[in-house]
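Chemist: Below, each chain spelled out in residue letters.
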Amino acid sequence: MSEETKTVFDDGAALVVRSNEELLEKLALMREAQKEFATFTQEQVDKIFFEAAMAANKARIPLAKMAVEETGMGCVEDKVTKNHYASEYIYNAYKDTLTCGVIEEDPVFGIKKIAEPIGIIGAVIPTTNPTSTAIFKCLIALKTRNAIMISPHPRAKGCTAEAARIVNDAAVAAGAPEHLVGWIEALSLENTQVLMAESDIILATGGPGMVKAAYSSGTPALGVGAGNTPVIIDSTADVRMAVNSIIHSKTFDNGMICASEQSVTVVGDEAYAAAKAEFKLRGCYFLEGEELDRVRKTIIINGKLNARIVGQRAAAIAEMAGVKVPQSTKILIGEVESVDITEEFAHEKLSPVLAMYHADTFDEAIAKSERLVADGGYGHTSSLYIDTRETEKMAKHAAAMKTCRILVNTPSSHGGIGDLYNFKLAPSLTLGCGSWGGNSVSENVGVKHLINVKTVAERRENMLWYRVPEKVYFKRGCMPVALDELGTIMGKKRAFIVTDSFLYKSGFTKQIESKLDEMGIAHACFYDVAPDPTLQCAQEGVKQLSSFEPDTIIAVGGGSAMDAAKIMWLMYEHPEARFEDMAMNFMDIRKRIYPYPQMGNKCYFVAIPTSSGTGSECTPFAIITDAETGIKWPLADYQLLPNMAIVDTNNMMSQPKGLTSASGVDVLTHAMEAYVSIMASDYTDPLALRAGALVFKYLARAYDNPDDLEARDHMANASCLAGMAFANAFLGVNHSMAHKLGAYHHIPHGWANAIILTRVMRYNAAERPTKMGSFSQYEYPHAKERYVEFGRACGFDGATDDEVFENFIAGIEDLKEHVGVKKTIAEYGVDEQYFLDTLDEMSENAFNDQCTGANPRYPLISEIKEIYLDAYYDRPASSYED
Amino acid sequence: MKLPKDKSVIVERHNKVVYDCGDTVVKVFNGNKPAADIMNEALNLARADQAGIDVPELLEVGKVGNTWAIATKKVEGKTLRQLINEDPEVERMADFVELELQIHAHKNPLMNRQKDKYARMINSLGDIISEATQYELLVRLDGMPNHNKICHGDFVPSNIIVREDGTMSVCDWAHATQGNGGADCATTYLHLMLGGEKEIAEKYLRTYCERQGCEMSYIQNWMSIVAAAELARGRVVEQDYLLSMIDVVDYY
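Heads up: the protein sequence lines correspond to chains B and D, in order.
Sequential numbering of the first sequence, starting at 1, is according to this note's numbering.
Sequential numbering of the second sequence, starting at 883, is according to this note's numbering.
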C-alpha cells in the first residue's frame, strides 16, 4: 500500500489498489484473510454483520452527500433513504439467516446442507447508487464469509470507497480479519478485467458492456443490466393512487433507480384524461409542440442516453433543452405514440422524464409494454395499476411480460428493490434479469447467491411394500364357499365370467354359474379367450361386458384368461387409458411417468386359476398382444391386482401333463427370481423359499400322477405363493429372456424359462459381474449366496456353498429332465437361421424387458446374446466373469 | 520513384498529394508521416487485394525525393463522389451499401484488429475526455461483439471509383481493419454527418440496417466509439459535436 493511500484512508485494514500489480498483491492478501474468515462461526459472523450494518447506517447522511457531490446526480435525501435501506433492510432480512456451516439437516432422510463461502467477490458498482450498492454488497459478502474487492465507477469512486471503508472498519473492529474489503482506486478496464478473472464470483451491476465482460471473463457472474420499466394504468385502476405512486417513484433520486418507470400507458380515454389531470395537478409538466422535440434531442443522442441528464431534476433537463418550466416541476412528460426505439421517449431515461401513451384496449397496452421491454429492458421490471379483482387481465399481463419482476399497484423504484411495498420480495440492490437480460439469476440477489451449499447425502434404503389381493382363499373345494361371499356379504348383483372356450365347453364354468344362480346373481360369460390373448379379443369382450354392466368380473382359467380379464376390467373402467402409456417400462414402479387410473369403481375382480403356474390370480401383471401390429403390451401396476383370488385344487385336476410341466417349472423360476431379485425382502423371501421347496417335493409327483391330490394341492399353493413373492419382489433377466423366446419362437413360457434357468443362475451368481443392479438396498453382488440359501431350502446340501450351488443346479436339471423339459432352444424346433437372424433384435428386446430391472446383475446386451447362443447350441453354461 | 512531368493533381490534403501519372496514381505523403504508416497502408491494400476485393493494384512503395509514396495502377472512371455531385438525382445508395457489405463479406486474418485500434485511439484521448468517459468507452468497446470482417474504415463516396461499366474499385485502405461491420457503418454515417449531409447519412443508415438485417440500435452502439476515434484523428472543428456523441451512457 502506498504512503499516499495510507494517509487518505488511515485505517491499515482496507485495501486500496492503484495498479495491476498491486491488485494481484492485494488479492493474494485478501485470499489469506478470507481463508481465516471462512473458519468463523455463525455467531462471530453475525456480530460482524451487525456492527457493519450499524456503521453504514450511521454514515448514511454523509455518504449520501458525498455521492451527490461527487457524481453531480440525484438527490441527497433520497440517497439517504437508499443508504438507510441498504443497511437496515438488508440486516433485518438476513440477521437470522444461517450462512455458516450446517444450515439444514434432516437426519431421517440423511440429508445435510453445509454453507461455504465462495471466496473473493469481484464487485462492480454503478454511479447511480454508489454508496447504497457498496453497503449492500459489502454486507452480504461479510454475512457469507466472503472477501470483496470493489471496482467502483470512476465517476463515483470516492464515495464508493468511503462506504466500503466504513463497512470494513466496523467489521475489523468487530473481529473480522483485516483485508476482507478492498477497492480499486485507479480504475482501468484492464484492472477491472483482472479483477473479474481473478475473483471467485462477480457481482456486477452495470451496463451491457460490463455485464458481458463479466460473463465472458470465465468467472461465474451474477450480472444485472438495464431496465425499461413500462407501466400500464388500466381503466379499472385507482388513477389517483397510480399517478401519485408513479410520481413518487419516478422522482425518487431523480429517477436513477433502474426499476423506475420509463413510460406509462393508460387504457381508455377516461382514465387517460384523469391521469393527465392528476399528473398536472401534482406538478408534472406536459411537453407541448416543439418542446417535445427539443427534449427528445436532449435526452437521447444517436440512440444513446445523454450522460448529462442522468439523475438531474426535471427543470434542469428542461433548461438544457431550452424549454421553460417551473423550477418545482416534478417530471417532464412527453405524450408520444411510437413504442419503437427510434422514439427517444421510448428509451430508458434514468431521469424524471416519462413517456405517456394512450391505448384503446388493455391488449393494446400489453402489446406496447412488450415492445418497450423488448427494446430496452428484457428481464428487468414491469408494472401494472389495476383493480386486483381483474384477475384475468392480471394473468394476461404477467404471462406477456418478459420481466423478472412484475409489480402491481406499486411504485416500481421502491417496489422492485423489495420489502418496501411487498414483504415477500427479497430486499436487494442487485436485481437479476434472468436469461432474457443475460443474467444467471432472475430474482433479487441475496446471501444465498454468495454461498456454495454442500449437500451431504447419506445412503438410505427405499421404502418397500407388500401388496397382495385383499382376499386369497385356498384349499380344495373352497370355490363355492368363497363365491358365496359375493352374494351374501357383498351383495353383488351382476357377474361377468371370462374364460376360454375349452373350459367353457367342458362345463367348467357350470359350477360357478349355478352358484351364482343360487345367490340370485345375474351372469354372463365371455369364453373366447385364446392363449396369448389379443387386444382385439379383449375389445370384443369389453363390448359384451359393457352392455352387461356387471359389478363383478370372475376370471377363470390359466394366465391367458386372467390376463385378458384384467385388461377387459381396465378397459371397462377406464376406456380412455392408452396402452402405449401404460406399457411404458419403469425403473421404479412408484416413480413411473404415467400414473395408472384407479380401479374398482365399477367392478370387483375375482380370479380363479385352473393351472398351477402363472400366479396371475395374485399378481399386478398382465400381457396383451395387439394382433394388428404384433406388439405385446406388458402391463404392470398394483391397480391390476385382483381383489379376490380363489385357489381351489379341484379346478387344477384336469391339467394335461405338458401344462403341469411347463407351469410347474414356471413356478420354480418365479420363486427363484423373486428370491435373488434386488427387491427381495423379508416379506417375500419366505413365500419364495416355501414355493421352491414345494416344487421340488411335489412337481414330479403331480407330473407322474395327475390324480395325486396332495401333490396338486401343494403345487397350486406353490404357484400362488410364488405369485405373491414376485408380485412384490419382481422377476429378473430369466423372465426377460423367456418372454422373448416365447414371442420370437413360440416356446411355451414355462419351458422357455426352464431352458435357460441354470444358465442364468450361473450368470447371476458371478462374483465379478460386469455391472450390478442398482438399488439402494442391493449393497454388493450376492446372488450366489441367495441361490445357495434357496437350494438348501429345496433340500440340497453340500460341504461348501459352491458344492450346494452345484448340487442345486444338478437337481434342477434332473427335475427338468423328469418333467420333460428339453435341453436346448434348438430342440424346441427353432430354425437355426431364423434364430441367428433375429438374435440381435431378440437380445436387445430381452434387455429392454420390464423384468430386467430387478435382476441382481445388470446385463449387457452382448451377454444376453451369448446366453441365448449357449442355450441354443448346448454349450457349457458360463458366469461371463472375465 | 520518379513522377512524370505531365502529372496532374487529383486531390491535395493536409498530409498528402495524390497525382494522376497516366497509367498510375501516386500518393505522395508529407515528409513527417512515419514510414510505418505508409507500409501499413500499402500492406492493407495488398491484403484487401489478396482477400479478393476489387482494389487498385499496388505497384510500388518508395520515395519521391525525401518523402514516402505509394503507386497504384490507375482505375479508369470517376469517384462516386464526383458522380453524386454531377447528378444528385440518380439513386446510388443501394449500390453504395451493397459494395460495403461485399467488402465485409471478405476476411483476412492478418489485418489489424479493429478493437485494438479503437482502444488505442480512445486511450490517446486523455487530454480531451475525462478518465471516467474513457473508461466507459473502453468498457463499451470491450463488450461489443467480436467479428472478423474486413472493414475499410473510411468508406465514403470519394474513396470509390466507378468504372464505365458500373463496377467499382475501392481505394485508400489506410484505416482498414478486421472487425465488426457495424463499426464501419457507424464511421461512414459519422463522416457523412460531419460532411454536412445529414439526410444522406440518415438514408444510408436506414439502407444499411435494412440490407444487413440489423437494428439501428446495433449501429448506434458504435457511434460513441467511432466518434472517439474521429476525435483521436484530430478533428478539432467538430470537437463539440463529437464530444456530445461520446458523452452518452448505457447504464450508470
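Since the hints were derived computationally from the structure, they do not count as laboratory data.
Hints may be right or wrong, so weigh each one.
What the hints assert, rightly or not - Pairs of lysine to any residue, SDA-like flavour, derived with a Cα cap of 20 Å: (1) B:Lys396 - B:Phe423; (2) D:Lys1085 - B:Gly303; (3) D:Lys997 - B:Ser216; (4) D:Lys999 - B:Gln193; (5) B:Lys297 - D:Ser1006; (6) D:Lys1080 - B:Glu364; (7) D:Lys1085 - B:Ser216; (8) B:Lys297 - D:Glu1081; (9) B:Lys276 - B:Gln193; (10) D:Lys999 - B:Arg313; (11) B:Lys475 - B:Asn452; (12) D:Lys999 - D:Arg1115; (13) B:Lys396 - B:Gly268; (14) B:Lys865 - B:His818; (15) B:Lys632 - B:Trp465; (16) D:Lys997 - B:Tyr638; (17) B:Lys602 - B:Lys632; (18) D:Lys1080 - B:Asp293; (19) D:Lys1080 - B:Thr342; (20) D:Lys1031 - D:Glu1081; (21) B:Lys822 - B:Leu869; (22) B:Lys35 - B:Ile118; (23) B:Lys297 - D:Met1098; (24) B:Lys591 - B:Trp465; (25) B:Lys297 - D:Asp998; (26) B:Lys297 - D:Lys1080; (27) B:Lys297 - D:Ser1099; (28) B:Lys297 - D:Lys999; (29) D:Lys997 - B:Lys591; (30) D:Lys1085 - B:Thr342; (31) D:Lys1080 - B:Gln193.
Chemist: Would you mind confirming whether the straight-line C-alpha gap from Lys822 (chain B) to Leu869 (chain B) stays at or under 20 Å?
Modeler: 15 Å, holds
Chemist: Please work out if Lys297 (chain B) and Glu1081 (chain D) have their alpha carbons no farther apart than 20 Å.
Modeler: 16 Å, holds
Chemist: CA of Lys35 (chain B) to CA of Ile118 (chain B), is that 20 Å or under?
Modeler: 10 Å, holds
Chemist: With the threshold set at 20 Å, check whether the alpha-carbon distance from Lys297 (chain B) to Lys999 (chain D) stays at or below it.
Modeler: 30 Å, violated
Chemist: Please work out if Lys396 (chain B) and Phe423 (chain B) have their alpha carbons no farther apart than 20 Å.
Modeler: 24 Å, violated
Chemist: Verify the proposed pairing of Lys997 (chain D) with Lys591 (chain B), using a straight-line Cα cut of 20 Å.
Modeler: 55 Å, violated
Chemist: Hint check: Lys396 (chain B) vs Gly268 (chain B), CA-CA at most 20 Å. Holds or violated?
Modeler: Since the Cα atoms of Lys396 (chain B) and Gly268 (chain B) sit roughly 18 Å apart, the hinted pair holds (cutoff 20 Å).
Chemist: Does Lys1080 (chain D) pair with Gln193 (chain B) here, judged by a C-alpha cut-off of 20 Å?
Modeler: Distance of about 38 Å is beyond 20 Å: violated.
Chemist: If you draw a straight line from the CA of Lys297 (chain B) to the CA of Met1098 (chain D), is it 20 Å or shorter?
Modeler: 17 Å, holds
Chemist: Please verify whether Lys1080 (chain D) and Glu364 (chain B) have alpha carbons no more than 20 Å apart.
Modeler: 35 Å, violated
Chemist: Holds or violated: Lys632 (chain B) and Trp465 (chain B), Cα atoms, limit 20 Å.
Modeler: 28 Å, violated
Chemist: Measure nothing beyond the straight line between the CA atoms of Lys276 (chain B) and Gln193 (chain B); if it is 20 Å or shorter, mark the hint as holding.
Modeler: Given pair Lys276 (chain B), Gln193 (chain B) is violated - Cα atoms ~47 Å apart, limit 20 Å.
Hint check: violations occur at hints 1, 5, 6, 7, 9, 10, 11, 14, 15, 16, 17, 20, 25, 28, 29 and 31; the rest are consistent with the structure.
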